[in-house]
Amino acid sequence: MTPPRGLLVLEPGLLSTVQDRGRHGWAAFGVPAAGALDEEALRLANRLVGNDEGLAALEITLVGPVLRASGTLDVAVVGGSFGPAPGRVLRLEDGDVVSFAAARGAARAIVAASGGIDVPVVLGSRSTCLSARFGGFQGRRLWRGDFLAVPLPPSPSSQPLVDDLVELVEPGAGDILLRAFAGPDEGEFDAAQQAAFWGSPWRILPESNRMGLRLGGPSLGLQETAARASEGTTPGTVQVTADGHPIVLLAERPTTGGYPKLAVVAATDLGLLARTPPGRSVRFERISVTEARSLLAARDVRLRSYPGGRA
Amino acid sequence: MKEAGEFAWLLTFEGDEAAANEAARRAAAAIRASRLPGVMDVVPAARSVLVSGTPELDPERLRAFEAPRLEASAASLRTHEIRMVADGADRDEIASRCGLPADAFLEVFAQLSFTVGFLGFSPGFAYLYGLPRTFHLPRRGTPRVAVPAGSIALAGPYVGIYPASTPGGWNLLGTTQRRLFDLRADPPFLFAPGDVVRFKL
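Protein chains in written order, with the numbering used here: chain A, 1 to 311; chain B, 312 to 512.
Keep in mind that the hints were calculated from the coordinates and are not lab data.
Heads up, the beta-carbon is just placed ideally off N, CA and C, and yes, glycines get one too.
Misleading hints may appear alongside valid ones.
With the C-beta cut set under 7 Å, the calculated list includes, among others, these residues of chain A facing chain B [stated by the list, open to error]:
no.	residue
1	12
2	29
3	31
4	152
5	255
6	293
Distance condition first, Cα-Cα at most 25 Å in a straight line; then the derived DMTMM-like pairs of lysine to aspartate or glutamate [stated by the list, open to error]:
no.	chain 1	residue 1	chain 2	residue 2
7	B	313	A	96
8	B	313	B	377
9	B	313	A	285
10	B	313	A	190
11	B	313	A	146
12	B	313	A	186
According to the in silico footprint, chain A covers these stretches of chain B (three or more CB under 8 Å from chain A) [to be verified]:
no.	stretch
13	343–356
14	402–411
15	419–425
16	451–460
Chain B with its partners taken away, still in its complex shape (with noise of 0.2 Å):
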């Protein structure tokens, strides 16, 4: 466990980075559910957990969270299905890199299950995991100014979907028209960290 703040602590788990994840995932939860007085927000990420709050959050009793967790996550987990059109600006360039033709790729795509496995970048920009390692591609050289809103998008083991119109250097494949964040929407945000997300061509 490491210091990232006056009230702030780090917890990081080993392993390959899925597994580790959700690890890391089920810690978040657990911390969640044990309403610990002082925290105010809890963050899993790919690796880690980070818990910030007040000064009543005790250290000492955050050390337990760092241990496997083998129980289920308390959250009932969600599966979506999002619809998407294929096309990216790069999904060509994305498909010849993996070593298939564009619809080849696509149709293997379109039957992988991914796993929220935490948001981070913008509000409701989700990091899925579920990626076969020959489809693990590089950040592009140049980031884009502005990627298209709904724009589904591969880097390294991720695939991401950005809720919105920002600058971005993931390789694009396609778009969705689903609201990933939305204010009048309740919840807010679509996925939740552990969600199960396939995509539907």
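Bound-form chain A, shown alone (with noise of 0.2 Å):
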């Protein structure tokens, strides 16, 4: 009998989990959508191996996974350099050993696999919700010893390498730029609360996880949060708490929540952001909702003109 076709984990990593595009339709119940942060490198890690780019794959975290090959199967990481061939395929045959430990500056990558990562899918999505404990691999991030089965040999159509993917390998030096647009609720913040929040860099504080990102600086001021009504949460958000400290939302928050919103990073941009490590600084550039539009479908056009698996 042949042994099924996966990865062994050798090496947990210290936040490695399955992630798709997002548990979608289910807001109204309360269920985070979840999802890979970096949308564009689970995109792109899925197209490099040959499948679809919705395709479950690993969202590994600041220091990756060590995974043993159990028959032949394609990799491929996007995203951050975390040790081999960052925006290239592997081929790992039978028992070879990849290590994706070595973090160099980017806090998150994804790792997909031929014919991706398989999990059951729970309301309609493989994403891991981590606080709901659902989801993804039996809902947790991975432990040493689990195996993960992936189902596909290497696909005739994973690209051995595309070379100008260098803009998602790792945040650049300097205080990273993020596009960003009025919040619904910027009326609400005075000029000077404006100016301080669209002037200053900010530090990503390392009690950031993938419900938000804390961010470091000048506090905008005591909020009236008290009487503020909840109101439905999307990604990217930029809600200011009661001390007056910005947390940008992302995948996994909370489906409501009452705090006032001054900013929308731009959808294009929270990939960055989810490669930006704890300690560095961002800063935030004012565009408008259109210009967002037009640069979400300006990258869509990009990145279904790279070869490998389908939209």
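Both chains are given apart, each in its own frame, so use the hints to dock them into the complex.
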């Protein structure tokens, strides 16, 4: 009997989870979307190994896993350099060990495998919901000894190398520039608060997680939040807590929240934000929502121009 | 109507919160029933509806749903009777802050009828309207690290039930054995917006 094809987790890394494009349609029941924080990397990594863009892959964080192949399969890592071959396909033969344990300045990357990571679909998605402990691989981060089933051998349409993925490898030097547009509650912030937000560098704090990135910098002043009505939340929303500190909401944010929303980070720049590690600083550059839509449309055209799998 | 994302809009409703929430729920049901192209999620909340979707979603077609809607919601609303044990850590404090002995408070509480206004915070967590104003209490100053699963709790105008053990800052009145979120059940969620809930001691 042939052993199943897949990846054995020799070392789990800091926070490795199975993610796809998220769990949509259940937000009215309080279910966080989850899904890869870096959607662009997910789509590209899947394309490289010849997959549909939305198949489930591993999201790895700060220190990635060490994996041993069972059977022959392809993997591709996109979104940050964690050791071998960022932006390329690695063909693994039975028994090959691949380590993503060396972080080189990127917070996250996506590791896709030929045919995807085979976990059950829960409420329409294979994404891990860490907070409610379901979906993905048994509703949790990977542990040593887990075995990830990979359904397919290398695809004839896998791409050995994509040269121009440099911008997807890791954030560059200096402050990271994020484009953002006005949030729905901008009018509740006075001119000085708005100037401080758009004009200051913000450090990504270590207590950030898949729900939100906490930003350190000048306090924007106390916000009146006690009597605010909860509203549905969107990814990239910059909300300001009662003590005046911004949080950028990410894929696993709760579906409703009661803090005022000052800005929204452009969807095209959320991947860059996901790749930027704690301790680095970001600045916000103001654009219009119309520009943000154009950026997103242009990115989709660019993603589709890469060879490999299908949209 | 306000932009909340590239392809996400917030519709907001005026009036006191319970009335605004009812308008939001009606609008959410109507948007869902209209099957507008490009809609991914429709999320009613305290006094708003968030509609998010794909580039296909046309905001001009959402505007019509901001007008108050008088017609009854198409979904048939259910009534749930929730058996509760009044064993919450804050039971006596809740009663005394509402100016009643614990037994009298519970007797009044069990006669109230609540409406599921919206779900949020965690999968299956329901915000119920229907508390009289004298029972509106602030959240606890320091949230608990872990609230027991099934806790029935009060905060502001809401009664909530914690589907799972999570951190929480609400005042704990009691617990129920009913599962609010169960992936093996069909549907996996006990409550939907608009459902009626009564507690039985």
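Checked hints:
At about 24 Å, the closest approach between the beta carbon of residue 12/A and any beta carbon in chain B exceeds 7 Å, and the interface hint on this residue is violated. With its C-beta approaching chain B no nearer than about 5 Å, residue 29/A sits inside the 7 Å limit, and its interface hint holds. Interface restraint check: residue 31/A against chain B, minimum CB-CB distance 5 Å, threshold 7 Å, status holds. Residue-level restraint check for residue 152/A is violated (minimum Cβ-Cβ distance to chain B is 27 Å; threshold 7 Å).
A hinted interface residue such as residue 255/A counts as satisfied when its beta carbon comes closer than 7 Å to some beta carbon of chain B; here the least separation is about 5 Å, so the hint holds. Taking 7 Å as the C-beta cut-off, the interface hint given for residue 293/A holds, the closest approach to chain B being about 5 Å. Restraint check: the Cα-Cα separation between residue 313/B and residue 96/A comes to about 52 Å, which exceeds 25 Å; the hinted pair is violated. Taking the CA atoms of residue 313/B and residue 377/B, the gap is near 11 Å; set against the 25 Å cutoff, the hint holds.
With a CA separation close to 21 Å, the supplied pair residue 313/B and residue 285/A stays within the 25 Å bound. Restraint check: the Cα-Cα separation between residue 313/B and residue 190/A comes to about 19 Å, which is no more than 25 Å; the hinted pair holds. The suggested pairing of residue 313/B with residue 146/A is violated, with an alpha-carbon distance near 45 Å, which exceeds 25 Å. Note on residue 313/B and residue 186/A: the hinted pairing holds, with a Cα-Cα distance of about 11 Å set against a maximum of 25 Å.
Three residues within the 8 Å Cβ limit are the bar, and the stretch 343–356 of chain B against chain A gives 6, so the coverage statement holds. Interface restraint, the stretch 402–411 of chain B with chain A: violated (0 residues with C-beta to C-beta distance below 8 Å; minimum three). Evaluation of the coverage hint for the stretch 419–425 of chain B: breached, as 0 residues show C-beta separations to chain A shorter than 8 Å, against a requirement of three. Against chain A, the stretch 451–460 of chain B contributes 0 residues with a C-beta closer than 8 Å to a partner C-beta. That does not satisfy the three-residue criterion, and the hint is violated.
When each numbered hint is compared with the structure, violations occur for hints 1, 4, 7, 11, 14, 15 and 16.
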